[in-house]
Amino acid sequence: MKKEKFALVENKLRDRGYIVSFFDTALQASEYIDSQIDSQTIGFGGSMTLEQMGLYELLNKHNKVFWHHRIPNGRTSKEVRLQANGANIYISSVNGLAETGEIINIDGNCNRIASIFYGHEKVYFVVGKNKIEKDYDSALYRARNIAAPLNAKRLGVKTPCAIKGDKCYNCKSPERICRGLSVLWDKPMTGEFEVILIDEELGY
Numbered sequence: 360m361k362k363e364k365f366a367l368v369e370n371k372l373r374d375r376g377y378i379v380s381f382f383d384t385a386l387q388a389s390e391y392i393d394s395q396i397d398s399q400t401i402g403f404g405g406s407m408t409l410e411q412m413g414l415y416e417l418l419n420k421h422n423k424v425f426w427h428h429r430i431p432n433g434r435t436s437k438e439v440r441l442q443a444n445g446a447n448i449y450i451s452s453v454n455g456l457a458e459t460g461e462i463i464n465i466d467g468n469c470n471r472i473a474s475i476f477y478g479h480e481k482v483y484f485v486v487g488k489n490k491i492e493k494d495y496d497s498a499l500y501r502a503r504n505i506a507a508p509l510n511a512k513r514l515g516v517k518t519p520c521a522i523k524g525d526k527c528y529n530c531k532s533p534e535r536i537c538r539g540l541s542v543l544w545d546k547p548m549t550g551e552f553e554v555i556l557i558d559e560e561l562g563y
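All residue numbers for the sequence shown refer to the working numbering, where the first residue is 360 and numbers rise by one.
Be aware that a few hints might be false.
Said to hold, decoys possible - Straight-line alpha carbon distances no greater than 30 Å define the calculated DSBU-like cross-link-like pairs of lysine-lysine that follow:
| hint | residue 1 | residue 2 |
| --- | --- | --- |
| 1 | K423 | K437 |
| 2 | K546 | K364 |
| 3 | K546 | K523 |
No lab work stands behind these hints, which were simulated from the structure alone.
Model the full assembly from the supplied sequences, consistent with the hints where possible.
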């Protein structure tokens with residue numbers, strides 16, 4: 360992605376009330392996030408971006424991180440998700456980010472999209488360049504027809520998109536993972552929100 364495109368989405372996000380930081384690499388972004396958060400409770404949304412960046416291992420050294428990808432012995436996924444939703448800080452990626460500033464996510468359990476909207480002191484969105492599209496319709500298309508099928512395939516669910524890996528079929532499968540859609544038109548009124556833009560392809 361050309362630097363001017365990053366500048367465009369940065370300006371649009373700032374106009375909508377977000378703090379925006381840009382990094383050339385995921386490593387630089389990880390080091391920045393690690394330097395900003397200390398001795399806090401942190402919730403993670405389901406995200407291959409965060410997995411690829413090794414953020415859990417980095418932050419959990421000096422914070423208490425709740426993530427259903429790392430369930431402690433004796434706890435359940437539901438318990439960990441609830442703890443994540445009650446944490447001081449929440450970190451997630453996105454399924455689509457429009458250059459015009461809209462932030463789009465699709466969820467199955469909907470813990471992530473519920474947590475994004477309200478209740479934390481600060482929310483971080485960590486976004487690789489592959490998530491950025493030219494406008495709202497393109498970002499929504501990406502979330503439904505690129506991110507969701509890839510996640511369904513990764514999870515091994517029995518849905519048409521997981522089997523064919525090409526698009527959303529708006530299926531009625533009991534294992535359907537796209538059950539809730541969130542769109543942030545602007546930064547919510549309460550809490551601080553920061554978008555971390557990274558000039559690398561990360562996640563789905």
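For each hint, the structure was consulted:
At roughly 17 Å between alpha-carbon atoms, K423 and K437 fall within 30 Å of each other, so this suggested pair holds. For the hint pairing K546 with K364, the CA-to-CA distance comes to about 21 Å; that is within 30 Å, so the pair holds. Among the hinted pairs, K546 with K523 is inconsistent with the structure: their alpha-carbon atoms are about 36 Å apart, more than 30 Å.
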